[in-house]
Amino acid sequence: MASSSSGLTFKLHPLVILNISDHYTRVKSQLHPPPSAHGATNGVDPSPSPPADPPRVYGCVIGVQRGRTVEVFNSFELLYDPATHSLDRAFLDKKQELYKKVFPNFYVLGWYSTGSDAEESDMHIHKALMDINESPVYVLLNPSINHAQKDLPVTIYESELHVIDGIPQLIFVHASYTIETVEAERISVDHVAHLKPSDGGTAATQLAAHLTGIHSAIKMLNSRVRVLHHYLLAMQKGEIPCENSLLRQVSSLLRRLPAIESGKFQDDFLMEYNDTLLITYLAMLTNCSSTMNELIDKFNTAYDRHSRRGGRTPFV
Amino acid sequence: MDIEQKQVELIDYFVKQASSLNGPALSPLIAEATSNPSLFAFSEILSVPNVLELEGTEYSVYLDVLRLFAHGTWSDYKSNAGQLPQLVPDQVLKLKQLTVLTLAETNKVIPYNQLMLELDVLNVRELEDFLINECMYAGIVRGKLDQLRRCFEVQFAAGRDLRPGQLGNMIKTLSDWLTTSDNLLHSIQEKIKWADTMSEMDKKHRKDVEERVEEVKKSLSLKKLHPVSRLTLTSEGMRKSTLNLAE
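Here the protein sequences come in this chain order: D and V. The first sequence stops at residue 389 when you use the numbering used here, and every number in between is there. The second sequence stops at residue 262 when you use the numbering used here, and every number in between is there.
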């Protein structure tokens, strides 16, 4: 696919990505309920293996277009009618009207779907939307998890009129985009990123998850500082002309270190550390004393029967 | 960082002016640059060749003034006051602001006494007014004023122009920072491994205890047919299983 030449810059909000992935997850889990939903009559009844291709979900993206910048803020879902290969038009219009009342500035900018690549059938839907927006955007999310891939599996396509074999045709072309966040979005994305596995209840897995988060954050900081270091080294050797403004910023940054060395910090930190240790100790003591209590009860029950036969054994 | 952005246009303007003027005309330009309320960076102007030519001529005092503003403090000015031209109040204010920046370079917590000494201010009220109005509202410094302990905690201070030797120090600091964060990453990984190992051990121990309880239960149910020795076995069995649990 060629890359877009229309010169529009696209800004994508993380809310859209979360919406699409949520929609897809919901549809997928509703089609293939997890094994725990099955009765225990046959013991563990594994669900039928899901068909090879998970369902595609469709929806509309809305946002604002200011000049050459297209900013995609929100999205909503649409029903796809596989019989007629078209989207539910009445529903789209109704939804659009509702959204217009709440967000008067937002227009329908395009549509989204899931899958690994743009297909030919998508072009029909694209053309259908062209009467709302002359050049809709197509946001494609790839739901297959690829651990080796570093970027987001989201691609934005635009349609362009190309002449192929003498026939002018609309084809999809890649467009680059940036992620843009508002403060509120950043908080929710942060919250989602810190989700701990709720059934991984052991303390060890939660600790490991937390530490892994810190580890990746420090690694990123490390790589950025390394870049600065190389840059300064090169400047010292004279390979790069001295840029004073940058040097000033770096020197002001370095002066903020060491960030946590002051005496006050040590006091507060040690106090909190001791408090946590004490509480853990107290909890452990309570646990031990309750177990001891149970043990003694059992002992007493055992010896009690013995003592009724004859003689009395001292109680523990 | 926004201070740098605010200054960029000013710096460009002054550099252009400096390259077009020459000799004596540069002195009012230098005076203008040093009194400008938003300009705190002078090394770009210092590197313009026309300015450097002033060295050694009768106007070299202006070059010295520029150098003073780039690297020096208010105390430097006072000790050399004889050789340098008189400064207008705007320049005095700017020099004092730059002095605060230099002080913030060395310590993060600056006692009021030192500030009052360096800035020639006699009481705490004046000092705090100066810090709040001239430094914090200008955005060159961010921090907390601690009146009880009579010190100023600096959280952020804009950078001053670099002396030639400072680049080496900065590189060293950066490499120290990198080593520390590398060590930290390493110890975090070890902690993660430790947490996993401990949970493994705990699971194994739990399994062992369960197995022994099962064994003892089985041996108890087998021995139900011998009522006479039952009592001894009961207490023996209970003791064994409870000992295991208490482990």
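Calculated from the structure, these hints are not laboratory results. Among these hints, one or two may not hold up.
[Said to hold, decoys possible] Label-pair ranges, simulated between beta-carbon atoms:
id: 1; chain 1: D; residue 1: 287; chain 2: V; residue 2: 230; range: 41 to 49 Å
id: 2; chain 1: D; residue 1: 362; chain 2: V; residue 2: 230; range: 54 to 62 Å
id: 3; chain 1: V; residue 1: 141; chain 2: D; residue 2: 358; range: 39 to 47 Å
id: 4; chain 1: D; residue 1: 338; chain 2: V; residue 2: 222; range: 18 to 26 Å
id: 5; chain 1: V; residue 1: 152; chain 2: D; residue 2: 253; range: 51 to 59 Å
id: 6; chain 1: V; residue 1: 227; chain 2: D; residue 2: 359; range: 23 to 31 Å
id: 7; chain 1: V; residue 1: 222; chain 2: D; residue 2: 265; range: 52 to 60 Å
id: 8; chain 1: D; residue 1: 222; chain 2: V; residue 2: 184; range: 38 to 46 Å
[Stated by the list, open to error] Subject to a maximum C-alpha distance of 35 Å in a straight line, what follows is the list of computed DSBU-like cross-link-like pairs (lysine-lysine):
id: 9; chain 1: V; residue 1: 238; chain 2: V; residue 2: 222
id: 10; chain 1: V; residue 1: 206; chain 2: D; residue 2: 310
id: 11; chain 1: D; residue 1: 292; chain 2: V; residue 2: 111
id: 12; chain 1: V; residue 1: 111; chain 2: D; residue 2: 337
[Stated by the list, open to error] To give an idea of the chain V side of the interface with chain D (calculated C-beta under 10 Å), a few residues:
id: 13; residue: 148
id: 14; residue: 149
id: 15; residue: 191
Here the structure is a predicted model, which is why all the values come from computation and not from measurement. Positions of the beta carbon are idealized from the N, C-alpha and C atoms, including for glycine.
Measuring from beta carbon to beta carbon, are residue 222 of chain V and residue 265 of chain D in 52 to 60 Å? violated, 36 Å
Look at the Cβ atoms of residue 141 of chain V and residue 358 of chain D and judge whether their distance stays inside 39 to 47 Å. For residue 358 of chain D against residue 141 of chain V, whose Cβ atoms are near 58 Å apart, the range 39 to 47 Å is violated.
Against the range 41 to 49 Å, how does the distance between the Cβ atoms of residue 287 of chain D and residue 230 of chain V compare: consistent or not? Check passed, 44 Å falls within 41 to 49 Å.
Does residue 222 of chain V sit within 35 Å of residue 238 of chain V, going by the straight-line distance between their CA atoms? holds, 25 Å
Report holds or violated for the interface hint on residue 191 of chain V, using the least CB-CB distance to chain D and a cut-off of 10 Å. Residue 191 of chain V check passes; min Cβ-Cβ to chain D is 9 Å, inside 10 Å.
Given the hinted pair residue 111 of chain V and residue 337 of chain D, is their Cα-Cα distance within 35 Å? Holds: residue 111 of chain V and residue 337 of chain D sit about 29 Å apart, inside 35 Å.
Pairwise beta carbon distance, residue 152 of chain V to residue 253 of chain D, judged against the given window 51 to 59 Å: violated, 31 Å
Does the Cβ-Cβ separation between residue 222 of chain D and residue 184 of chain V fall within 38 to 46 Å? holds, 41 Å
Satisfaction of the residue 149 of chain V interface hint, Cβ to chain D closer than 10 Å: violated, 18 Å
Range hint 23 to 31 Å: satisfied by the CB atoms of residue 227 of chain V and residue 359 of chain D? The hint (23 to 31 Å, Cβ to Cβ) holds, given that residue 227 of chain V and residue 359 of chain D are roughly 26 Å apart.
Determine whether the Cβ-Cβ distance between residue 362 of chain D and residue 230 of chain V falls within the hinted range of 54 to 62 Å. This hint is violated: roughly 28 Å between Cβ atoms.
Holds or violated: residue 292 of chain D with residue 111 of chain V, Cα cutoff 35 Å? Given that 35 Å is the threshold and the Cα spacing comes to 40 Å, the pair is violated.
Hints 2, 3, 4, 5, 7, 10, 11, 13, 14 from the earlier list are contradicted by this structure; the remaining hints agree with it.
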